[in-house]
Amino acid sequence: MSVAAKTQDFEPLIVAFCCNWCSYAGADLAGTGRMSYPANIRVIRVPCSSRVSPNFILRAFQRGADGVVVAGCHPGDCHYVSGNYHARRRFSMLRRFLEFVGIEAERLEVHWISASEGSRFAQVMQDITDKIRVLGPNRKLRDSR
Amino acid sequence: MKEIMQKMRAEAARVLSSGEVDLVLGWEKGDLWWQSYPVFIENEKKAELLTWDLFCVPNLAKYLLEEIWHKKRVALFFKGCDALGFNQLMQDKRVDREKAFIFAVPCSGLVDPQKVERAGLHQGLLRVERLGDELTFVYKDREKKTAAPWFYYDKCLTCRYPNPVVFDFMLGEPVPVNPRERFTAVKELEGQNVDARFQYWQRQFSRCIRCFACRNVCPACSCRECIFDLTSPRWLGKATELSENQFYHITRAFHMAGRCVDCGECARVCPVQIPLTSLNRKLIKDIDELYGPYDAGVDPQKVPPLVTFNPGDPAAFLESKGV
Amino acid sequence: MQELAEISGEKINDCYQCGKCTAACPVNPFMDILPHQVLRLLQLGQVEQVLQSKTIWVCATCFTCAGRCPRDVDLSVVMEALRAILLRQRGGSRLKGEDMPCLIRKGMPEQGIVSGFRKYTK
Amino acid sequence: MRRIGVFICWCGTNIAATVDIETVIKEAREMPGVVYAGDNKYMCSETGQTQIKGTIVQQKLDRVVIASCSPRMHELTFRKTAAAAGLNPYLVEIANVREHCSWVHKDKDAATVKAVALIRTAVAKAALDTGLEPQEFVVTRRALVIGGGIAGIQAALDIAEAGYAVDLVERTPSIGGRMAQLDKTFPTLDCSACILTPKMVDAAAHPNINLLTYSEVEEVEGYVGNFEVTIRQKARSVDAAKCTGCGLCFEKCPSKVKSEFDEGLALRKAIYVPFPQAVPNIPVIDRDHCRWFSKKKCGVCKKVCPASAVDFEQSDVLIKQKYGAIVVATGFDLIGFEIFGEFGYGKHPDIITSMEFERLVNASGPGGGKLLKPSNQQPPKNVVFVHCVGSRDKSRGKPYCSKICCMYTAKHAVLLKEKHPEAQAYVFYIDVRTAGKDFEEFHRRAVEEYAAVYLRGLVGKVFPSGDKLLVNGVDTLSNQAVEIEADLVVLAAALTPRHDAEGLARMLGIGSDAHNFFVEAHPKLRPVESHTAGLFLAGTCQGPRDIPETVAQAGAAAAKAIALLNKETLLSDPCVSAVDESLCTGCLACLKVCPYKAISDKPLTEKVHGRQRRRLVAEVNKALCQGCGACSAACRPGAMNLLGFSNEQLLAEVDAICL
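Residue numbers (the working numbering), protein chains in the order written: chain A, 1 to 145; chain B, 1 to 323; chain C, 1 to 122; chain D, 1 to 659.
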């Protein structure tokens with residue numbers, strides 16, 4: 001199989017951790033508005049972006065995710081006052097660190113998507129899927145078994 | 001160093017006999033030139049066992065955790081790096097300042113036996129002495145003199161706190177602080193492309209035998225039960241598998257973010273020479289860049305950068321460096 | 001229309017016809033189509049009418065309209081784009097890449113060459 | 001082994017048209033722990049719920065997964081269904097196959113594969129669900145209302161009428177707020193003071209209402225049912241118990257300052273009541289401008305006070321009080337004009353804001369409501385009104401519509417004509433928005449009966465020319481540039497939240513939008529609640545609105561607060577953090593990231609090798625914890641775990657979703 005054909009066939013798996021109050025609701029709104037985005041996106045609901053431990057992200061990569069998204073409320077709008085501020089530090093550091101150990105930074109994306117930004121949710125997910133398609137499958141962190 | 005060793009022994013005997021402490025933690029000389037082990041001394045008569053030489057590298061602070069919590073008060077000796085580790089343990093509320101009587105030992109660097117070996121100076125070596133900036137390798141029938149920094153641990157060459165930041169009693173005079181740039185290796189890696197970096201770390205991580213020495217020696221790794229040992233949930237798989245090694249090293253380093261005192265012990269004890277300091281220092285460098293300079297272990301009252309925030313923090317995950 | 005959007009980069013449909021541009025324009029008495037009408041006609045796709053107007057040549061590019069617009073539509077840029085369209089229609093490339101070294105040697109200011117490219121080259 | 005039941009909803013064709021239900025059922029039956037998989041056209045319907053309940057009993061299900069719409073829609077419904085069949089409601093998981101799948105994907109195969117993955121994930125999570133029990137806690141039956149404008153007054157009165165004690169905190173020396181500054185109100189032209197003042201008096205006289213004027217909220221802690229609030233009652237320098245309100249003090253006071261209440265158009269004294277009908281009618285000393293406080297000279301007020309009520313020694317008092325509910329009604333400011341140089345505001349006294357116009361036209365305002373030009377006290381002839389100054393302006397101002405300007409400008413045009421029949425109003429507008437009862441009729445009257453000239457377009461520049469103001473505008477309907485020689489220019493300024501609203505939002509822990517308006521919990525279904533339980537919103541602090549809407553919202557907020565105070569106890573959400581003390585190292589990183597101060601340290605004594613050992617562990621206050629899980633992610637050994645979103649569950653979800 002040629003490389004080109006491989007990229008054609010490659011359907012990335014992208015895990016999105018969405019905070020219940022903003023981004024998950026934003027995803028719901030994308031649904032209500034029938035704003036389509038690729039089926040490669042699979043959402044895990046968490047109460048807050050600050051609930052997401054880097055371990056979950058690494059685990060997703062180990063289990064074969066080609067990209068991971070963490071989505072939370074815009075800074076200042078956190079339902080839990082300051083959760084996204086903590087998340088912002090944590091994932092700023094993690095993303096740089098993953099890049100340092102040789103993982104493409106684009107595989108981990110963090111976005112602030114509010115409950116009213118359904119179309120932005122769809123757009124962000126579309127963009128990420130496109131980017132990961134170009135990047136190709138995650139072979140670096142994946143469990144080889 | 002001899003005078004300090006004399007003082008060490010005298011002070012240890014004094015605090016034991018006065019009943020100020022019921023245990024002294026120090027180093028004692030082993031059988032071979034490079035062996036200086038931790039020793040527990042409960043009797044002032046044994047104070048003569050204490051040694052202070054170019055190989056007293058183990059940090060004694062971590063013994064405060066499990067082995068001796070039932071002691072009334074413990075005296076122990078700290079080099080600069082050890083003191084930072086102790087402060088980190090303080091910040092993690094793992095040690096009680098009141099229970100420790102700290103002797104500060106300013107340290108201008110310790111000798112890396114591996115460097116001695118690599119230079120071929122180890123055959124028949126009896127001991128190593130230092131005078132000023134010069135080392136004397138003493139053999140049965142000859143001596144060899146050389147510049148000391150050549151044989152210091154890498155971590156000593158970049159040491160920024162050779163004089164302990166916490167102590168009750170100072171042994172000797174503070175030494176000058178003169179660190180080399182510590183982010184050189186990190187910057188070099190940062191300059192490479194992402195695949196080259198991956199290959200570099202793949203080479204490193206695939207050597208890991210998961211002996212957990214790096215974790216066990218670390219003064220910031222003080223959990224009662226480590227996440228990597230838990231079976232429910234099982235965070236870290238048991239298989240010999242690169243991805244598990246990656247998980248271990250990324251998570252270990254990340255747990256250290258904002259807490260690593262950069263004492264370099266992890267890299268020193270690694271049996272397969274994984275450059276763990278580069279991982280730790282990458283995080284230190286990023287924290288310094290993004291949230292302002294922060295040196296873990298200097299002031300245990302300061303809030304570590306990854307459990308606080310500033311509403312105006314940069315969103316560094318929006319940076320895109322391209323594929 | 002597309003060419004206009006490409007050259008100007010402005011979102012013409014953002015205009016809600018408040019007329020602030022016209023109200024602020026110092027040369028509006030000399031225009032046959034008022035500034036806000038320019039945008040309205042463009043919204044309706046009537047580019048030709050605008051291109052034939054006096055207005056686009058009266059515009060002094062003083063940027064007052066742009067500064068006052070509550071919708072972030074920079075009309076001065078749109079005007080410039082309209083002029084550029086006309087100028088480009090009037091003839092092929094007047095500046096050629098291969099002429100550049102010669103022109104620069106002659107001491108023509110580089111800024112002038114760049115704006116010349118923008119105006120005259122298709 | 002678990003006995004998990006999977007129920008797949010068609011949602012009519014909403015799900016079934018894009019997801020192949022049959023395949024999904026087949027796949028679900030193969031998932032670990034699943035003993036039943038079934039479907040229904042509408043799972044949330046009576047029949048669907050009966051099917052769930054029946055199956056739970058027949059199949060002895062111990063976990064339930066429902067593949068349907070978003071859990072934000074029907075999680076509560078299905079939890080209740082499960083509870084009705086005797087299952088702990090927290091053993092129910094929802095797979096969101098509608099909003100997150102069938103509605104956003106067009107390819108049936110891809111959507112079916114994804115639906116299966118989502119269900120597999122929910123099954124994996126459900127398998128690790130534990131039954132949770134909510135905790136009961138006692139409600140403090142007292143309310144706090146922040147802001148003493150019409151919204152705050154109305155909310156306080158309604159809550160007080162229901163029989164609960166209310167503290168009404170107002171920053172300025174008197175309640176009344178913006179409405180007290182207004183002259184007449186649209187569209188009925190009632191006199192604002194005539195309808196407001198009785199309410200102010202009612203509030204002051206109500207046995208259940210405790211007025212705290214000249215006071216500010218300083219700290220808010222606690223949670224729904226048990227807020228702990230610190231209020232700073234600023235020193236009035238007048239003893240409220242002794243003062244008779246005779247007014248001798250401010251008659252004699254020699255220091256004059258611009259009156260905030262009169263929008264700087266008139267002067268007040270350093271000891272003052274903001275306006276004659278102020279409630280309470282007790283003066284305060286503005287210490288920044290009082291000669292006694294700046295130079296230790298004067299003291300006239302103290303000398304003339306017949307009741308010896310003036311007290312220079314008074315100091316701020318901090319009041320700590322517990323409340324069950326809080327209504328936030330802090331109102332609005334007008335946008336600053338510094339950036340709108342073209343209008344020349346501040347450069348000429350006859351260019352004024354709409355609020356200043358209210359004062360000029362008000363009988364109790366400067367000039368006794370004669371509506372004269374501030375520059376020379378002559379009646380104006382041509383008056384230009386400009387709509388949307390700062391509103392609907394995404395480049396320099398605010399992108400939103402301030403909602404009330406169209407109507408009050410029409411009112412101003414009417415009032416102008418009533419005061420000066422020979423005067424002419426010119427109104428520059430972009431659109432006239434008159435959605436409201438009798439609003440359109442009122443606007444038409446301004447045009448038809450009061451001959452206001454409406455010009456569709458905005459104003460480009462205002463500049464003085466002789467004793468007149470030249471206004472350059474446009475009428476886009478006739479496509480003409482317009483120039484008007486005006487005597488007075490009135491700018492309808494955009495409404496903004498109070499300048500310090502952001503800080504208050506942070507203190508209260510409620511959300512605010514990009515413009516610092518407080519955010520309601522749901523724009524349609526929960527318009528007066530904030531995201532934080534027990535905190536309710538009323539009036540313009542939530543967004544621009546007029547008086548009737550404000551009053552209605554205040555009543556609604558009060559009703560919500562009353563419903564809360566009516567309960568003796570509340571149930572807490574059991575999805576809170578729990579500590580595994582055997583794992584907890586006591587480093588208390590969790591405490592540092594907790595936004596609710598819900599975590600504290602607790603000494604623990606245990607026996608180790610026959611010896612007593614004391615160590616610290618973290619402890620969670622279940623009533624304070626709101627379940628964000630920041631602590632769980634900060635905990636290195638994983639001792640802190642969020643129930644309902646535990647480490648085990650999230651790992652299982654990640655594993656399942658990646659399969």
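Treat the hints as calculated values from the structure; they're not laboratory data. A portion of the hints provided could be inaccurate.
Which chain B residues face chain A? A few, computed with CB under 10 angstroms, are given here [stated by the list, open to error]:
1) W34
2) N43
3) A47
4) V166
5) D195
6) T251
7) I287
Glycine included, C-beta positions come from ideal geometry on N, C-alpha and C.
Quick rundown of the hints versus the structure:
Contact between W34 of chain B and chain A, as hinted, is not supported at the beta carbon level, the nearest pair being about 32 angstroms apart and thus beyond 10 angstroms. Hint status for N43 of chain B relative to chain A: violated, with the closest Cβ pair at about 47 angstroms, above 10 angstroms. Annotation: interface hint on A47 of chain B violated; nearest CB of chain A at approximately 46 angstroms, more than 10 angstroms. The beta carbon of V166 of chain B comes no nearer than 27 angstroms to any beta carbon in chain A, farther than 10 angstroms, and the hint placing it at the interface is violated.
With 10 angstroms as the threshold, the beta carbon of D195 of chain B comes within range of chain A, its nearest partner Cβ sitting at about 7 angstroms, so the hint holds. For T251 of chain B, the interface hint holds, the least distance from its beta-carbon to any beta-carbon of chain A being 6 angstroms, beneath 10 angstroms. The interface hint given for I287 of chain B holds, since its Cβ lies 7 angstroms from the closest Cβ of chain A, which is under the 10 angstroms cut-off.
In summary, the numbered hints that this structure violates are 1, 2, 3 and 4.
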